[in-house]
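Residues per chain, in single letters:
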Amino acid sequence: EAQVTQNPRYLITVTGKKLTVTCSQNMNHEYMSWYRQDPGLGLRQIYYSMNVEVTDKGDVPEGYKVSRKEKRNFPLILESPSPNQTSLYFCASSALGGNYGYTFGSGTRLTVV
Amino acid sequence: AQSVTQPDIHITVSEGASLELRCNYSYGATPYLFWYVQSPGQGLQLLLKYFSGDTLVQGIKGFEAEFKRSQSSFNLRKPSVHWSDAAEYFCAVVINQAGTALIFGKGTTLSVSS
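Chains P and F are the protein sequences, given in the same order. Number 11 in my numbering belongs to position 11 of the first sequence; there are no gaps in the numbering. Here my numbering = 1-based position in the second sequence + 113.
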């Protein structure tokens, strides 16, 4: 089954403790992206990647890092999480071109206390 | 700046009634247009998309949307709403050829009353 898999689904952590949210897709998509969803703000793009070793900032990249060492994986790294990063995070992938549509993961609900 | 506007934050519709969710975008050219649905606790599921051709597009679950270039709109419709349609709906546009600039509206929450 074609899918984007995120782990974990739920995570509670403390301020400053580094964490990684994993994202993997099995569709051989070139493009992958991370979004955060907050009430009243919709979904905002954090980082995206157009291929292996090619990443770029989205609208809200501060406090986040990403890497794309393999085509299928695109982990999101929070080196020093803060409470304002409490949010629902989604990973998405697509073939390049914009008109193919995007497949989203099931989301990771992160709480930073 | 490019933007996507969903004017209605929350809509309540009776089961069996028709539905229209509004979406307007601000972009110079014709973007790629999408509607996604998010059920509680779930990820986003693609309902339908438009990038060229017939301006009335059919999607899954009985939804359709119409692209109106003159109004910069891409409204979502369904002739008869079911209780299972209660969810949050997002309009989104891609504003570049590579597809890396996907912009979402803030969403419309649909409640269905019996």
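Incorrect hints may appear among the rest.
To be verified - No more than 35 Å apart at the CA atoms, straight line, and that leaves these computed lysine-lysine pairs for DSBU-like:
id	chain 1	residue 1	chain 2	residue 2
1	P	LYS18	F	LYS181
2	F	LYS219	P	LYS17
3	P	LYS17	P	LYS57
4	P	LYS71	F	LYS219
5	P	LYS57	F	LYS181
As the list claims (entries may be wrong) - In silico contact screen, one side only, chain P against chain F (beta carbon under 10 Å); selected entries:
id	residue
6	GLY16
7	LEU19
8	ARG44
9	GLN45
10	SER106
As the list claims (entries may be wrong) - The calculated label-pair distances, taken between Cβ atoms and stated as ranges, are:
id	chain 1	residue 1	chain 2	residue 2	range
11	P	GLY16	F	LYS181	31 to 37 Å
12	F	ARG135	P	GLY97	41 to 47 Å
13	F	ARG135	P	LEU41	17 to 23 Å
FYI, nobody ran anything at the bench for these hints, they're computed from the structure. Bear in mind that the values here come from a model prediction, so they are computed numbers and not experimental data. Beta carbons: idealized from backbone N, C-alpha and C, even for Gly.
Quick rundown of the hints versus the structure:
1. P:LYS18 with F:LYS181: Not OK: LYS18 of chain P and LYS181 of chain F at ~47 Å, beyond 35 Å, violated.
2. F:LYS219 with P:LYS17: holds, 31 Å
3. P:LYS17 with P:LYS57: Satisfied, since the Cα-Cα distance of roughly 23 Å is no more than 35 Å.
4. P:LYS71 with F:LYS219: holds, 30 Å
5. P:LYS57 with F:LYS181: holds, 32 Å
6. GLY16: violated, 28 Å
7. LEU19: For LEU19 of chain P, the interface hint is violated, since the closest Cβ of chain F sits about 20 Å away, which is over 10 Å.
8. ARG44: holds, 8 Å
9. GLN45: holds, 7 Å
10. SER106: This interface hint holds because 4 Å falls under the 10 Å limit.
11. P:GLY16 with F:LYS181: 31 to 37 Å: Given about 50 Å between the Cβ atoms, the range is violated.
12. F:ARG135 with P:GLY97: 41 to 47 Å: Roughly 27 Å apart at Cβ, these two residues miss the hinted range, so it is violated.
13. F:ARG135 with P:LEU41: 17 to 23 Å: Since the Cβ atoms of ARG135 of chain F and LEU41 of chain P sit about 19 Å apart, the hinted range of 17 to 23 Å holds.
Hint violations for this structure: numbers 1, 6, 7, 11, 12, all remaining hints satisfied.
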